[in-house]
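These protein sequences, in sequence, are chains A and B.
So for the first sequence, my numbering puts the first residue at 22; every next one is plus one.
So for the second sequence, my numbering puts the first residue at 584; every next one is plus one.
Honestly, I wouldn't trust all of these hints.
[Claimed, not checked] Derived lysine to aspartate or glutamate pairs resembling EDC-like cross-links, with alpha carbons at most 16 Å apart:
| no. | chain 1 | residue 1 | chain 2 | residue 2 |
| --- | --- | --- | --- | --- |
| 1 | B | Lys724 | B | Glu712 |
| 2 | B | Lys831 | B | Glu859 |
| 3 | A | Lys49 | B | Glu607 |
| 4 | B | Lys868 | B | Glu944 |
| 5 | B | Lys975 | B | Asp936 |
| 6 | B | Lys975 | A | Asp25 |
| 7 | A | Lys215 | A | Glu342 |
| 8 | B | Lys831 | B | Glu846 |
| 9 | B | Lys716 | B | Asp768 |
| 10 | B | Lys627 | A | Asp46 |
| 11 | B | Lys868 | B | Glu664 |
| 12 | A | Lys49 | B | Glu944 |
Hints in this document: simulated from the structure, not taken from any laboratory.
On a predicted model such as this, the values are computed, not experimentally measured, just so you know.
If you want the building blocks of each chain, they are given just below.
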Amino acid sequence: MSDDLMAGLLQKLDAATLQLARAPDFSKPARLQPVVDLARRVLQQPGGCAAIEERAEALEEAGVFEGSDWAQPAILVPSLSGQSLRGSDATLLVIEALSELRMLAVAKSRYQHPSLSAVAAKHFLTQVLALNLPILFGSTGESERETQGRLALIPSLLLQHLAARIGFEHIIDELINEIWRILQQRPIQVDPVKQMITQISLCQANPEIDLGSSGQGANRLVSALFGPTQACHEDPGVEVYQQRLESMDTAALQYEATGFARAMHDTGLVSPYHAVLLKQVAQHGDQLLAEALGLSATGRDCLLCFHELVHSIIDNCLFPETAQGIYGLALTLERGIFYQPPVAPALWRQLGLELAPWSQARLSAAFGDAVPHRARLMEGVLCMLGLPLGVGQGNNPTCQSARALSMWSYNDPDYLLQMVTWAARDDEIVMHFEGKPISSRESLSGVAQTLPLDLDPVSLLVVPHLDRIYAEMGRHCIGRDGDPHQWINPEFHGWWTGRGFRINVDVGTGHLHELESFYRHFYAHYHPSYNGNQPVIHPQPAGIAVTDSAARFIGWHAITIIRATVDPQGTTRVYFFNPNNDSGQDWGNGVKVSTAGHGERFGESSLAFAEFASRLYIFHYDPLEHGALADVSEQELNDVISMVENSWGASRRPEPGIQAALSN
Amino acid sequence: MNKDPNKGYIALLGWSLNAVEAAETFDRRYVVVAPDWAEEYCEKHNIPYLSWNFERLNDRSMEIAETLKEMGVDIAIPLYEETVEWAGAINSVLLDNPRLYGQSLLLRDKALMKRRAQLGGIRVGIFEEAHDKEDVVRFLKRVNQTLLKLDGDPNDPIHLKAFDKAGCLGHRVIRTPDEVDSIPDEEFPVLMESHLDGWEFAVEAWIHNGKIVFLNISEYVTLGYSVFVPASPELEKYRPQIRAQIEKLIKAFDIEFGLIHPEYFVTSDGEMYFGEVAYRPPGFKVFELLERVYGFNAYQASMLVFDPKATAEEVQAFFPREIEDADGYAGCFGVYPRRRVVSQLVIPEEVEDNPYFESHELTPPLEETVTKRTAFGTHWGLVYFRGDDAQKMHETLKAQEELDYYI
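Assemble the whole structure, with the sequences as input and the hints as a guide.
Here it is, written out as structure tokens:
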């Protein structure tokens, strides 16, 4: 089907290009749109960039760039490319992509351009790649998702194509820093990172690529995946490695085990060899097993108590293809949650779970059939239990559902396991809204328009259900005054969500609303200096007005407040979970979300308390736990309010005329 | 393109960017005759231009004919229904053939045209002029009496059409006397026709020296919504009969040259009923569709057959072979918003992912509230498709009717 589509598109694109080429100057603008539309659809297909690269010369000669800056490639500025690639204007995005593929054709000397040399073109593209690494990594943020929707495929396919054709050696050091930054957040989904590391190792292994002095920092990353220990450092393949293990004594196995554990805990990545070792040492007793999982005293205790369960999991679910589950298992043991009475029995149920045909089809579509689907799902379950803050929403507008999964894993793991069971086994989840049951089967549509595939195994099965239920709860609130989250959040996320609710935006007008009392309440409930130094007990859902790096409003976003405490530098910070895939974001006016270096735990984001407050628009609290309004200093309050008014609140100030009229 | 002074000098009546583009890239001199709003554009882009506002023919009508004659123009080509009688009047002067004007009036009035066709031995449905609502009610009753319907049986519908408008403009379907009240008085007089159950199709026929030089059959999937070319093999099997019908039409209307665009019904027993004929390019961009599959520019084709200086050899060489030379099927669909309130244009994903989908001419909505359609109305823009299989094309076009392009 997709071959059909591509062939059909290319035939039409060529015809449209020919029409554009033949058109006299005055009708070129009218002939351009079909070319742009078709090029857009081609670029959204796998292999589309290569097809456009082949046609770059014909497209330019037909006049796609005529009358615009792109007609003079020599004056183009690499740093401006990001704007077009991340924008919502499809035409601009496509023209930018066409221009870069034109540059690529020039750089590769398949197109002799009258005003651009191959060297200049290559240099330009290297800079574009380096400047747009986040897109290359597939870690698109809230901003791209809100503004681009399906278009977001194009920049990522484009940059992957450019990177493959230009060569990774030019961008490798930037890639490495980026990989470490992402790994510090310990995401559950590491496939994009693994792909990047694979690319780097291929570059390193290719004698034709001269990396020069670049790429040094990649050694740990590459070895963690492809050869973490002495006995597999040359990446011999799992069968050879298995044979080597069989002839090892306990001391040698011990040596291997610590090597794997170190690599895994250093990077958050698990080598497929690790799974081979694990199965081997599982036969040698729990001492070696604990070593191979890199467990502390807590984890070791847990392993010993739940010996049979852990062994069953290893036997049935952990294979080289699902090696990442080893890290999930290790961290789950460390959390000690097996000691909660329902968790171990729930995992036994998980081990024997019969998957509904629909669940199997979904897993098969996303992950293939190399390992049993139940094992794949268990890998996902272990990772989600081990890394509650590693949940990501993929490129989908389902932050609410991702947040709920993370919160359950963090706070109520057996409830999460129950949800997974309902979704995977029964293909139906029923939740209650104000006493009325809501079935995910009967609710027609969710927030997401299509079923997402770019998710971890658990999210893949559960999110479509949650998304429909969430949307249905929203439909139940139609007609009520005020923001629907105040009713939905406690029902959707769990009893611990405070029934008290504050919002600083008037839902009817969209204007800012009672900022001062909003913040005094927020400080009173969350700031350790104003709430009697009470740490946050349960994770609380909150709403953020996300802004871009120029502090312009992008959209509303769901996060979880995890902690509020003083960081090692003495600043009071809010630590929160952001369900998007890369939380290190620049929200403008100096508000940069930190993910490491300020006392963050894996997966946490943090901001200084006032900075966080300045992007907050919704929070929950326990209405019974009322305290005095926080006596926040005028100075601090004004700082926060001014940060609001100079960012997302800029266009939301109440009109002065109305105020005056009311006060009369 | 270099212009050949030995070939005809052509006036295009009305503004059409595609027609101008075709003229600009053709080897004949041309001039665009259009209202003054086109002047700035033409000046800016060096397009030969003569300003004229096409209202009803009046005392000054001779003026434009004489101006064109002085310029050395050989022939005028109508691009729109409203310029058909102007072309007739102008060409009767340019070619010194007064009959052309009378012919154009016949082709402009749907009632006259039907009578003429009837006189020429062509089958038409029952039709009548209506001057007011009472005429409509009477006609509706009589048609249904003729069909031996009893009181209470559902009526067969009748069709109301403006005499002199193109295509579906002003076209209404009436089933009950109550619906007659919804017709505004200013729409009268109208032409009323009985409903024919059958397969409706249109033809584009280029005529040179009184002979058909190229005949295309356009297949409607749903009238007013979608059309594709060439027609499916099922319809193309009627080609010999259709060709014979067109030859009758040429004779009845005494057409020597030009492009005609008639519409027919073929009933289940293979009988052809004449609907109407226009002496101008079809709506629904059938010209564009023909170019997609045959590769020739249909505007240039029209200029050629209108040009009195064109030779039979040149005409012969210009046109491809019917059906054989078409490399696929091209169709288009006219989009109407389906919701009462719309805020944006979104091409449905199944369309984006359909290999037949080619391009569209839709624009984002200017107003949120969609005006209620009374008559067939005007679509908001066309969506183009192209592919290799007639059946699949038919299904694709049909499926569009259930999709929301405006949400």
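Each hint tested on the structure:
| no. | hint | in the structure |
| --- | --- | --- |
| 1 | B:Lys724 / B:Glu712 | holds (15 Å) |
| 2 | B:Lys831 / B:Glu859 | holds (14 Å) |
| 3 | A:Lys49 / B:Glu607 | holds (13 Å) |
| 4 | B:Lys868 / B:Glu944 | holds (11 Å) |
| 5 | B:Lys975 / B:Asp936 | holds (14 Å) |
| 6 | B:Lys975 / A:Asp25 | holds (13 Å) |
| 7 | A:Lys215 / A:Glu342 | holds (13 Å) |
| 8 | B:Lys831 / B:Glu846 | holds (14 Å) |
| 9 | B:Lys716 / B:Asp768 | holds (8 Å) |
| 10 | B:Lys627 / A:Asp46 | holds (11 Å) |
| 11 | B:Lys868 / B:Glu664 | holds (14 Å) |
| 12 | A:Lys49 / B:Glu944 | holds (15 Å) |
In this structure, none of the earlier numbered hints is contradicted; all agree with it.
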